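J.: Sequences are here, hints too, so could you generate the full structure?
The sequence shown lines up with residues 26 to 228 when you count with our numbering.
Hints should not be assumed to be uniformly reliable.
If you anchor each label on the Cβ, the simulated ranges turn out as follows [what the hints assert, rightly or not]:
hint, residue 1, residue 2, range
1, Ser190, Tyr72, 36 to 44 Å
2, Ala208, Gly140, 31 to 39 Å
3, Pro101, Ser65, 57 to 65 Å
4, Val110, Ala57, 40 to 48 Å
5, Ala141, Glu102, 44 to 52 Å
If you are wondering where the hints come from, they were derived from the structure by calculation, not from laboratory data.
Just so we're clear, the structure is a prediction, and the values are computed from it rather than from any experiment.
Glycine is no exception: its CB is placed at the ideal position from the N, C-alpha and C atoms.
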Amino acid sequence: MVKVAEIKQENIILAAIEIFQDKGLEQASMEAISKKAEVSKRTLYKYYPTKESLFSVIIERMLSYVQTFSAIPFEPEKSIKAQLVEIAEREATLLCCPNFVSLARMVLSECMRSGASATIMLDKVKQLEGGQGLTKWIEAGIEAGKLDVADPKIASEQFIGALKSTLFWPQVLVHVPPAKEDAKKIAIEMAVAQFLCAYLKES
Numbered sequence: 026m027v028k029v030a031e032i033k034q035e036n037i038i039l040a041a042i043e044i045f046q047d048k049g050l051e052q053a054s055m056e057a058i059s060k061k062a063e064v065s066k067r068t069l070y071k072y073y074p075t076k077e078s079l080f081s082v083i084i085e086r087m088l089s090y091v092q093t094f095s096a097i098p099f100e101p102e103k104s105i106k107a108q109l110v111e112i113a114e115r116e117a118t119l120l121c122c123p124n125f126v127s128l129a130r131m132v133l134s135e136c137m138r139s140g141a142s143a144t145i146m147l148d149k150v151k152q153l154e155g156g157q158g159l160t161k162w163i164e165a166g167i168e169a170g171k172l173d174v175a176d177p178k179i180a181s182e183q184f185i186g187a188l189k190s191t192l193f194w195p196q197v198l199v200h201v202p203p204a205k206e207d208a209k210k211i212a213i214e215m216a217v218a219q220f221l222c223a224y225l226k227e228s
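T.: Below, the structure is given as structure tokens:
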């Protein structure tokens, strides 16, 4: 059974997301958040003493989606293409998740408004365990003699960036709906093909 305290905290977080999206962290007030969440200011300050603490929790919620997709084991006996397709499919699912996109839009817009908010975001990203899952997968592929990559981190960013360009950024920036399955399939095929063309080691 969900506890009353957990319901109150969830209502506070949802209210803060909406108000931060509308006004930004600096202009938002704790009073407005308490009213939106339908809790007393005393209750609000009990769980979240500052706006920054609330923003930090919201970032953690956003990054929890990323954490779910971060562990990527390399399978030496499986084709590189098949593994990349599976990785891309998982990433596409994340990038098209409405809850993740909504959180990302709010957090990113706030980070663009405020250097202090961007610092909070960067600190949280650094703490993210397994956040370099694809980079580590690429490194394992190099060790197995399957990939020829000079900079695994850049290669990882290129692969994810290829997916984001069509599946994520249009949702965040211009509020288009999530890509349909045929569009996702094309985006995955193109990202995989680009990676293989650049980095697959000739046998």
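J.: Against the structure shown, which of the earlier numbered hints fail to hold, in ascending order?
T.: Violated hints: none at all, because every hint is consistent with the structure.
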